[in-house]
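Asks: From just these sequences and the hints, can you work out the full model?
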Amino acid sequence: MITSHQYLSKYPISKDSEKLILGTIHPHNHEEFELPFFYGNVNSIWTILSEAFPDELKKPITLNGILAFLKRRKISVSDTIIKCERKKPTANDSDLLPIELNRQLIRDIKNSNISEIFFSSGFGKNNAFRLFYVDILGLKITKEIRAKRELILNKEVFGRKIKMTILYSPSGSSNVGLSKSKIYLEKKKEYEKSNRPVHDFKVDYYREKFE
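Residue numbers (the working numbering): 1 to 211.
Among the hints, a few may not be true.
Said to hold, decoys possible - No farther apart than 16 Å at their CA atoms in a straight line, the calculated lysine to aspartate or glutamate pairs in the EDC-like style are these:
hint: 1; residue 1: Lys-83; residue 2: Glu-116
hint: 2; residue 1: Lys-163; residue 2: Glu-208
hint: 3; residue 1: Lys-163; residue 2: Glu-144
hint: 4; residue 1: Lys-163; residue 2: Asp-95
hint: 5; residue 1: Lys-110; residue 2: Asp-95
hint: 6; residue 1: Lys-148; residue 2: Glu-186
hint: 7; residue 1: Lys-163; residue 2: Glu-116
hint: 8; residue 1: Lys-83; residue 2: Asp-95
hint: 9; residue 1: Lys-140; residue 2: Glu-150
hint: 10; residue 1: Lys-83; residue 2: Asp-55
hint: 11; residue 1: Lys-189; residue 2: Asp-204
hint: 12; residue 1: Lys-71; residue 2: Asp-16
hint: 13; residue 1: Lys-125; residue 2: Glu-85
hint: 14; residue 1: Lys-187; residue 2: Glu-208
hint: 15; residue 1: Lys-10; residue 2: Asp-135
hint: 16; residue 1: Lys-163; residue 2: Asp-55
hint: 17; residue 1: Lys-209; residue 2: Glu-51
hint: 18; residue 1: Lys-209; residue 2: Glu-18
hint: 19; residue 1: Lys-71; residue 2: Asp-55
hint: 20; residue 1: Lys-125; residue 2: Glu-156
hint: 21; residue 1: Lys-71; residue 2: Glu-56
hint: 22; residue 1: Lys-188; residue 2: Asp-200
hint: 23; residue 1: Lys-110; residue 2: Asp-16
hint: 24; residue 1: Lys-187; residue 2: Glu-211
hint: 25; residue 1: Lys-110; residue 2: Glu-156
hint: 26; residue 1: Lys-209; residue 2: Glu-150
hint: 27; residue 1: Lys-110; residue 2: Glu-18
hint: 28; residue 1: Lys-125; residue 2: Asp-135
hint: 29; residue 1: Lys-155; residue 2: Glu-186
hint: 30; residue 1: Lys-15; residue 2: Asp-108
hint: 31; residue 1: Lys-182; residue 2: Glu-150
hint: 32; residue 1: Lys-15; residue 2: Glu-32
hint: 33; residue 1: Lys-15; residue 2: Glu-150
hint: 34; residue 1: Lys-74; residue 2: Glu-18
hint: 35; residue 1: Lys-74; residue 2: Glu-150
What the hints contain is simulated information worked out from the structure, not anything from laboratory work.
Replies: Listed below in structure tokens is the structure:
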């Protein structure tokens, strides 16, 4: 099954943007999405950002609401894959066989004001950071990058320094793993009275990153 990206040309990276959210490619069954947009299949990232910025991204979440929020915050959204084949009809990156990577990202980032890139997935097979950093930029992932989940890319690549951060997944299915992570355990006491401590930590984490 071949998946061609439905949103890259319709929602290009804005030259005014200062931050970029970068993923892989949407699931194949885009006709069934809750919203016809990036991450519109389950809206997990938009739900988290709505809770982090309730006055700016109000519920119920709509496409126009998301676009207004992104414009206000000077955020663009894009993906690393233009076309892929899927070994299985799932949304898992590991089931992808990239056919065409989005190499135009290099030019689009250079021609924007982007100073920070947030990746929706990290170091695994076909994850967003790996595809961009290794396959598109031709750079090597180090142990330090894996440990810190972020780096400052020197100005030789884009003409200016750019911070890169691998986000913790907004999906609820990631909560078990996040609950055992160092970053959460260091702040666990702050959420002792919460009924949803990992979720609330994640909301605060996204608020801090996109403030």
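Asks: The structure should be examined with respect to each hint, and the outcome stated for every one.
Replies: Hint check:
{"no.": "1", "hint": "Lys-83 - Glu-116", "result": "violated (25 Å)"}
{"no.": "2", "hint": "Lys-163 - Glu-208", "result": "holds (15 Å)"}
{"no.": "3", "hint": "Lys-163 - Glu-144", "result": "holds (15 Å)"}
{"no.": "4", "hint": "Lys-163 - Asp-95", "result": "violated (29 Å)"}
{"no.": "5", "hint": "Lys-110 - Asp-95", "result": "violated (31 Å)"}
{"no.": "6", "hint": "Lys-148 - Glu-186", "result": "holds (15 Å)"}
{"no.": "7", "hint": "Lys-163 - Glu-116", "result": "holds (5 Å)"}
{"no.": "8", "hint": "Lys-83 - Asp-95", "result": "holds (13 Å)"}
{"no.": "9", "hint": "Lys-140 - Glu-150", "result": "holds (14 Å)"}
{"no.": "10", "hint": "Lys-83 - Asp-55", "result": "violated (36 Å)"}
{"no.": "11", "hint": "Lys-189 - Asp-204", "result": "holds (14 Å)"}
{"no.": "12", "hint": "Lys-71 - Asp-16", "result": "holds (9 Å)"}
{"no.": "13", "hint": "Lys-125 - Glu-85", "result": "holds (14 Å)"}
{"no.": "14", "hint": "Lys-187 - Glu-208", "result": "holds (14 Å)"}
{"no.": "15", "hint": "Lys-10 - Asp-135", "result": "violated (24 Å)"}
{"no.": "16", "hint": "Lys-163 - Asp-55", "result": "violated (27 Å)"}
{"no.": "17", "hint": "Lys-209 - Glu-51", "result": "holds (14 Å)"}
{"no.": "18", "hint": "Lys-209 - Glu-18", "result": "holds (13 Å)"}
{"no.": "19", "hint": "Lys-71 - Asp-55", "result": "holds (15 Å)"}
{"no.": "20", "hint": "Lys-125 - Glu-156", "result": "violated (27 Å)"}
{"no.": "21", "hint": "Lys-71 - Glu-56", "result": "holds (11 Å)"}
{"no.": "22", "hint": "Lys-188 - Asp-200", "result": "holds (11 Å)"}
{"no.": "23", "hint": "Lys-110 - Asp-16", "result": "holds (12 Å)"}
{"no.": "24", "hint": "Lys-187 - Glu-211", "result": "violated (19 Å)"}
{"no.": "25", "hint": "Lys-110 - Glu-156", "result": "holds (11 Å)"}
{"no.": "26", "hint": "Lys-209 - Glu-150", "result": "holds (12 Å)"}
{"no.": "27", "hint": "Lys-110 - Glu-18", "result": "holds (11 Å)"}
{"no.": "28", "hint": "Lys-125 - Asp-135", "result": "holds (11 Å)"}
{"no.": "29", "hint": "Lys-155 - Glu-186", "result": "violated (33 Å)"}
{"no.": "30", "hint": "Lys-15 - Asp-108", "result": "holds (8 Å)"}
{"no.": "31", "hint": "Lys-182 - Glu-150", "result": "holds (15 Å)"}
{"no.": "32", "hint": "Lys-15 - Glu-32", "result": "violated (31 Å)"}
{"no.": "33", "hint": "Lys-15 - Glu-150", "result": "violated (24 Å)"}
{"no.": "34", "hint": "Lys-74 - Glu-18", "result": "holds (6 Å)"}
{"no.": "35", "hint": "Lys-74 - Glu-150", "result": "violated (21 Å)"}
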